[in-house]
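S.K.: Line by line, the protein sequences are chains A and B. Our numbering numbers the first residue of the first sequence as 1 and each following residue consecutively. Our numbering numbers the first residue of the second sequence as 1 and each following residue consecutively.
For the record, the hints were derived by calculation from the structure and aren't laboratory data. Possibly wrong hints are sitting among the right ones.
Claimed, not checked - Rough simulated footprint, nothing fancy, chain A against chain B, three-plus residues with beta-carbon under 8 Å:
hint, region
1, 13-21
2, 45-53
3, 156-165
4, 183-193
Unchecked claim - Per label pair, the in silico range of CB-to-CB distance:
hint, chain 1, residue 1, chain 2, residue 2, range
5, B, E43, A, P62, 52 to 60 Å
6, B, R211, A, A171, 37 to 45 Å
7, A, R149, B, D167, 31 to 39 Å
8, A, S97, B, V116, 43 to 51 Å
9, A, R149, B, G60, 49 to 57 Å
10, B, V116, A, P13, 57 to 65 Å
11, A, V116, B, R72, 41 to 49 Å
12, A, P13, B, E140, 14 to 22 Å
Stated by the list, open to error - To give an idea of the interface, some chain B residues facing chain A are shown, with a C-beta separation under 8 Å as derived from the structure:
hint, residue
13, R106
14, Q111
15, H131
16, V133
Note that the Cβ used here is the ideal one computed from N, Cα and C, for glycine as well.
There are 2 protein chains.
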Amino acid sequence: MNVPDRRGSLPLPTIRRYPAYLRLIKERMACGDDEISSAALAEALGIDPVLARKDIAMMGIPGRPRRGFPARELVAAITRALGWDNTTDAALVGCGSLGHALAGYRGFIEQHLSIVVAFDTNPELQGQSVHGVRVQTMSEIRRIVRRMRIKLGILTVPDSAAQECADELVAAGVEGIWNFSSVNLAVPPGVIVQNVDLAQSLAVLSHAIARR
Amino acid sequence: MNVPDRRGSLPLPTIRRYPAYLRLIKERMACGDDEISSAALAEALGIDPVLARKDIAMMGIPGRPRRGFPARELVAAITRALGWDNTTDAALVGCGSLGHALAGYRGFIEQHLSIVVAFDTNPELQGQSVHGVRVQTMSEIRRIVRRMRIKLGILTVPDSAAQECADELVAAGVEGIWNFSSVNLAVPPGVIVQNVDLAQSLAVLSHAIARR
Numbered sequence: 001m002n003v004p005d006r007r008g009s010l011p012l013p014t015i016r017r018y019p020a021y022l023r024l025i026k027e028r029m030a031c032g033d034d035e036i037s038s039a040a041l042a043e044a045l046g047i048d049p050v051l052a053r054k055d056i057a058m059m060g061i062p063g064r065p066r067r068g069f070p071a072r073e074l075v076a077a078i079t080r081a082l083g084w085d086n087t088t089d090a091a092l093v094g095c096g097s098l099g100h101a102l103a104g105y106r107g108f109i110e111q112h113l114s115i116v117v118a119f120d121t122n123p124e125l126q127g128q129s130v131h132g133v134r135v136q137t138m139s140e141i142r143r144i145v146r147r148m149r150i151k152l153g154i155l156t157v158p159d160s161a162a163q164e165c166a167d168e169l170v171a172a173g174v175e176g177i178w179n180f181s182s183v184n185l186a187v188p189p190g191v192i193v194q195n196v197d198l199a200q201s202l203a204v205l206s207h208a209i210a211r212r
Numbered sequence: 001m002n003v004p005d006r007r008g009s010l011p012l013p014t015i016r017r018y019p020a021y022l023r024l025i026k027e028r029m030a031c032g033d034d035e036i037s038s039a040a041l042a043e044a045l046g047i048d049p050v051l052a053r054k055d056i057a058m059m060g061i062p063g064r065p066r067r068g069f070p071a072r073e074l075v076a077a078i079t080r081a082l083g084w085d086n087t088t089d090a091a092l093v094g095c096g097s098l099g100h101a102l103a104g105y106r107g108f109i110e111q112h113l114s115i116v117v118a119f120d121t122n123p124e125l126q127g128q129s130v131h132g133v134r135v136q137t138m139s140e141i142r143r144i145v146r147r148m149r150i151k152l153g154i155l156t157v158p159d160s161a162a163q164e165c166a167d168e169l170v171a172a173g174v175e176g177i178w179n180f181s182s183v184n185l186a187v188p189p190g191v192i193v194q195n196v197d198l199a200q201s202l203a204v205l206s207h208a209i210a211r212r
């Protein structure tokens, strides 16, 4: 199968929509479909059909009029564009309630993310395993993450410890930090930070409901 | 304690920063501080001090030059602005891996969010309890959510079921939906949707790392 390599040139909004396309195409394949149209993807996700058509066109796979795109080729191309053709090893920093939940979240398997080591300050957790992942002391971040050549850190520590832990991850050579704290992390230009702040997101909702 | 009521007029970026301020102020109070400056908050969160000063000023609580704001009054005012002075009951729709994780996430206690009922299609889960929350069948959403007067729905179902479940929640009278699916939900104007798409967020990171 000749899969074009479009890893270098994708706009951010397109990348954000790819995981949803990928899931839907796989669902359709499981139902026996071997072709899928961008219009069907747009409808299922409630997005503009023009956007979906452009997103899919970027994969460079020829479609057939009134039929759609070959599902298998599309899955392979999107998977490759997302870097999900190889499993990404990740280090989880912070094994509190949220860290625990993420360590046990099976959705990451589909996205080829594998949490291979965890760190926590709690001495009771150290040496234990959380959902099959061994917990190490914080002081070992730099040594272990570097040795294991881990490129992705997942930060689920309290805000007060976030920058310090991010500094350790950066010193260990990670290229990306998935930041679940509320802190606006300072990192060198080569490191990508992606923020997910659940408290912030919930605040917007509950403020709006409280106003009623 | 005379706490101004500023629930009606807050800009969205300010609301998003409030949970982080709240946590930090409580941390300082636990260390014995009874006053806190907006500059200290800005520094701890890595944000512009001018922003923090404006955010705090919106609470309408007088501060003292070179000392700061009274911590207790600030906590009360922010808590009230966020609607966190009363516990918000929520319905969890979808008890897969992510739903399980959220049901067990203790961080919600701090935000006065209480998941009081859960729904799932899996007959094996029905009647069971997930982290102390009873799981009901999907067909009961409308009846139970309405009867319990729940105003917030947390949506953790597969994309293919998201719109349908959202419709049920809306019909049951919820005012806000916390949407963890990738679907762009269609809801009536009075209902607020707040999206958290973990796959989307991770896609941006892994695409960037894969390009290296």
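S.K.: Compare the structure with each hint and give your call.
M.R.: Right, here's what the structure says about each hint:
Closer than 8 Å: that is the beta-carbon criterion, and the region 13-21 of chain B has 6 residues meeting it against chain A, so the requirement of 3 holds. With a cut-off of 8 Å between beta carbons, the region 45-53 of chain B has 3 residues touching chain A; three or more are needed, and the interface restraint holds. For the region 156-165 of chain B, the stated coverage by chain A is satisfied: 4 residues place a CB nearer than 8 Å to a CB of that chain, which reaches the threshold of 3. Residues of the region 183-193 of chain B lying with their CB closer than 8 Å to a CB of chain A number 5, which satisfies the three-residue condition for coverage.
Between E43/B and P62/A the CB atoms are about 55 Å apart, so this pair conforms to the stated range of 52 to 60 Å. For the hinted restraint 37 to 45 Å between R211/B and A171/A, the CB-CB distance of approximately 22 Å leaves it violated. Our hint of 31 to 39 Å for R149/A and D167/B is violated, since their Cβ atoms are close to 47 Å apart. Between S97/A and V116/B the Cβ separation comes to about 19 Å, which falls outside the hinted range of 43 to 51 Å.
Separated by about 52 Å at the C-beta atoms, R149/A and G60/B satisfy the suggested range of 49 to 57 Å. In this structure the supplied range 57 to 65 Å is violated for V116/B paired with P13/A, their Cβ-Cβ distance being about 36 Å. At roughly 44 Å, the beta carbons of V116/A and R72/B sit within the given window of 41 to 49 Å. Distance hint check: the CB atoms of P13/A and E140/B are about 37 Å apart, inconsistent with the given range 14 to 22 Å.
Checking R106/B against chain A: minimum C-beta separation of about 4 Å stays under 8 Å; hint holds. A least Cβ separation of about 6 Å between Q111/B and chain A falls short of the 8 Å threshold, and the interface hint therefore holds. The interface hint given for H131/B is violated, since its Cβ lies 10 Å from the closest Cβ of chain A, which is over the 8 Å cut-off. Of the supplied interface hints, the one on V133/B is violated, with its beta-carbon coming no nearer than about 15 Å to a beta-carbon of chain A, more than 8 Å.
The structure does not agree with the numbered hints 6, 7, 8, 10, 12, 15 and 16 stated previously, though it agrees with the rest.
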